[in-house]
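**Student:** Since the structure of chain E is provided, determine the placement of chain Z on it from the hints.
As they're listed, the protein sequences go chains E and Z. Residue numbering for the first sequence follows this note's numbering, beginning at 1 and increasing consecutively. Residue numbering for the second sequence follows this note's numbering, beginning at 1 and increasing consecutively.
Simulated from the structure, these hints should not be mistaken for lab results. Since this is a predicted model, take the numbers as computed values, not measurements.
Heads up, simulated DSS-like pairs for lysine-lysine below, C-alpha to C-alpha not over 30 Å straight-line:
#	chain 1	residue 1	chain 2	residue 2
1	Z	K58	Z	K22
2	Z	K71	Z	K22
3	Z	K22	Z	K37
4	E	K78	E	K15
5	Z	K37	Z	K68
6	E	K78	E	K11
7	Z	K58	Z	K37
8	Z	K42	E	K11
9	Z	K42	Z	K58
10	E	K78	Z	K37
11	Z	K58	Z	K68
12	Z	K57	Z	K71
13	Z	K42	E	K15
14	E	K11	Z	K37
15	Z	K42	E	K78
16	E	K17	Z	K42
17	Z	K71	Z	K58
18	Z	K22	Z	K42
From the structure, some residues in chain Z lie toward chain E, with a derived Cβ separation under 10 Å:
#	residue
19	V4
20	Y32
21	P34
22	Y36
23	Q38
24	K42
25	R43
26	L46
27	V87
28	Y97
29	V100
30	F102
31	G103
32	S107
Glycine residues also receive a C-beta, built at the ideal position from the N, C-alpha and C atoms.
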Amino acid sequence: GAGVSQTPSNKVTEKGKYVELRCDPISGHTALYWYRQSLGQGPEFLIYFQGTGAADDSGLPNDRFFAVRPEGSVSTLKIQRTERGDSAVYLCASSTRRGLAGSYNEQFFGPGTRLTVL
Amino acid sequence: GENVEQHPSTLSVQEGDSAVIKCTYSDSASNYFPWYKQELGKRPQLIIDIRSNVGEKKDQRIAVTLNKTAKHFSLHITETQPEDSAVYFCAASPTSYDKVIFGPGTSLSVIP
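Isolated chain E (complex conformation) (with noise of 0.2 Å):
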């Protein structure tokens, strides 16, 4: 089946510019993440959906940053007055979130989007 799918693949934007990412999930998937991940370092977190609410949202480093889920399923990250300092790849990830006693819950990653601010 598909995995998860994530637009655009590259986005260049203006210093100051509104940027918006998108996620497809897996289908069938409640559980939504977004993370960040700059050149050499492991991915960083920055919100967490179940279903159409935001779980945590803790990982966020700003109010620049806001990301929405409104039918539960596709997920769109939104940064405002984008700054060189956001540039990175954007990974989504979906999982199946059974929370059950001794189930796994792995996070299956999307290909991520390459944003660089100029």
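**Tutor:** For chain Z alone, coordinates are given in the frame of chain E:
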């Protein structure tokens, strides 16, 4: 919050030798420890994971060990092959369905 450290940052081994990557974590509430492999330009992929009620887990050439008292966990790859070359990330999470905190990564090169 949780902090995961990982070493070495780079590791080079001869094909057929073993590779060991070590990690430490800070939050005693962490209960789930996945390992991801990321090839150049590709997405991270889960290769093995372990929960805190288990001390060791093995899957073919890959094994993970966990010392919850010391907050240490390790990845062992035996009989390494060139296709094992990649960046490996250890990670920690309070539960198996929560956010994952990643280590900085180990770049493994297997020399034919």
